[in-house]
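Asker: On the provided structure of chain A, position chain B as indicated by the hints.
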Amino acid sequence: GESVGLHLPTLSVQEGDNSIINCAYSNSASDYFIWYKQESGKGPQFIIDIRSNMDKRQGQRVTVLLNKTVKHLSLQIAATQPGDSAVYFCAEIRGFKTIFGAGTRLFVKA
Amino acid sequence: DTEVTQTPKHLVMGMTNKKSLKCEQHMGHRAMYWYKQKAKKPPELMFVYSYEKLSINESVPSRFSPECPNSSLLNLHLHALQPEDSALYLCASSQANLVVTGELFFGEGSRLTVL
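Protein sequence lines correspond, in order, to chains A and B. Count the first sequence with our numbering and you get residues 1 to 110, in order. Count the second sequence with our numbering and you get residues 1 to 115, in order.
So that you can see chain A by itself, here it is in the shape it has in the complex:
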């Protein structure tokens, strides 16, 4: 079946370094994606979104890149901070459904 997935289950980075979290999707018709952050004991929280008519979108300290040719998304976090430690999910919007990928746990080392 079609899915939204991630390359790495865990990522460990040094505080202050940049983080890159990757996501692959299989539905070539997908045209709207969102990154969510889930901290321990909390629900997922919206970070940034991107539509298929864009290759790149920037927010505060975060950038999402979309490569439609290889069906790949990435989330870049600049100057990673301890508060960025969480699980990150890419998600695909399909009508009324939000389909979540497997998730990557980001550890930030002080």
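From the structure, some residues in chain B lie toward chain A, with a derived Cβ separation under 10 Å: (1) K41; (2) S50; (3) V99; (4) F105.
DEER-style ranges, computed between Cβ atoms: (5) A:K109 x B:I56: 35 to 45 Å; (6) A:T10 x B:H26: 29 to 39 Å; (7) B:H26 x A:G59: 19 to 29 Å; (8) A:K56 x B:S20: 42 to 52 Å; (9) B:S20 x A:M54: 35 to 45 Å; (10) A:M54 x B:V12: 39 to 49 Å; (11) B:P8 x A:P9: 22 to 32 Å; (12) A:N67 x B:I56: 25 to 35 Å; (13) A:G16 x B:V12: 39 to 49 Å; (14) B:V100 x A:Q58: 19 to 29 Å; (15) A:M54 x B:N97: 11 to 21 Å.
Residues of chain B placed beyond 10 Å of chain A at every Cβ, according to the derived structure: (16) G28; (17) S62; (18) P69.
Simulated from the structure, these hints should not be mistaken for lab results. Computed from a prediction, not measured in an experiment: that's the story for all the values here. Glycine residues also receive a C-beta, built at the ideal position from the N, C-alpha and C atoms.
Answerer: Chain B alone, transformed into the frame defined by chain A:
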């Protein structure tokens, strides 16, 4: 602080019990959702309500019964659950049309343990 409130935060129930999870939002959102999340797994969609009507049921067993009494409230009634139903149950809300703005606003979840 989340604008979607879920109660209870923790629930332990036996397989013969009947209980309910509750969710409330006051953002004027007209779509509400139930997701199930097992440990170290992504949230899985269970139900979608749009304008207080059930629009999507992801083949969820009938022992889970959703209810949307009004545009601010969403309930999940639980009956005759199995231990494998133990999970974090997340409620979310959004603008009615995800194509326009896809952001889901999640509550902190109700952690359910079935004995």
